[in-house]
Amino acid sequence: MKRFINLIKNKFFLVTVIFVVWMIFFDKNDLFSQYQYKQQLSKLEQERDFYKAETAKVNKDLDELTSDKAKLEKFAREKYLMKKENEDVFVIEREKKN
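Going by the working numbering, 7 is the number at position 7 of the sequence shown; the sequence numbering is gapless.
By construction, these hints were calculated from the structure, which means they are not laboratory data.
Please note that a few of the clues may not be correct.
Said to hold, decoys possible - No more than 27 Å apart at the CA atoms, straight line, and that leaves these computed lysine-lysine pairs for DSSO-like:
| id | residue 1 | residue 2 |
| --- | --- | --- |
| 1 | K79 | K96 |
| 2 | K38 | K11 |
| 3 | K84 | K74 |
| 4 | K84 | K97 |
| 5 | K52 | K83 |
| 6 | K28 | K52 |
| 7 | K60 | K38 |
| 8 | K57 | K74 |
| 9 | K83 | K97 |
| 10 | K79 | K57 |
Unchecked claim - With beta-carbon atoms standing in for the labels, derived distance ranges:
| id | residue 1 | residue 2 | range |
| --- | --- | --- | --- |
| 11 | Y80 | N29 | 50 to 56 Å |
| 12 | K74 | Y51 | 52 to 58 Å |
| 13 | N10 | E45 | 41 to 47 Å |
| 14 | L65 | F26 | 44 to 50 Å |
| 15 | E87 | D63 | 24 to 30 Å |
| 16 | K83 | T55 | 27 to 33 Å |
Every residue, glycine too, gets a C-beta built ideally from N, C-alpha and C.
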């Protein structure tokens, strides 16, 4: 018990404890902030991966469209409902189930 009291009276121990408490709870980079930063970082990394995949897909589509005239025509017909003269286009939409 006397050892514990001496430890508490030690100014170096008290300063160390106060410093640790300050860094854990009151500093601008406390534990809660670090947790939020980690979550934000993982969210941004997921978004980065998603956009990299989308960019690769779009670049692949662009290469296909610029190199193959038949694929360009198919793309224009499907996406923008373009048609040749004397041609009818019928759009069939399926009902979405909720």
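Violated hints - listed by number, lowest first: 2, 4, 5, 6, 7, 9, 12 and 14
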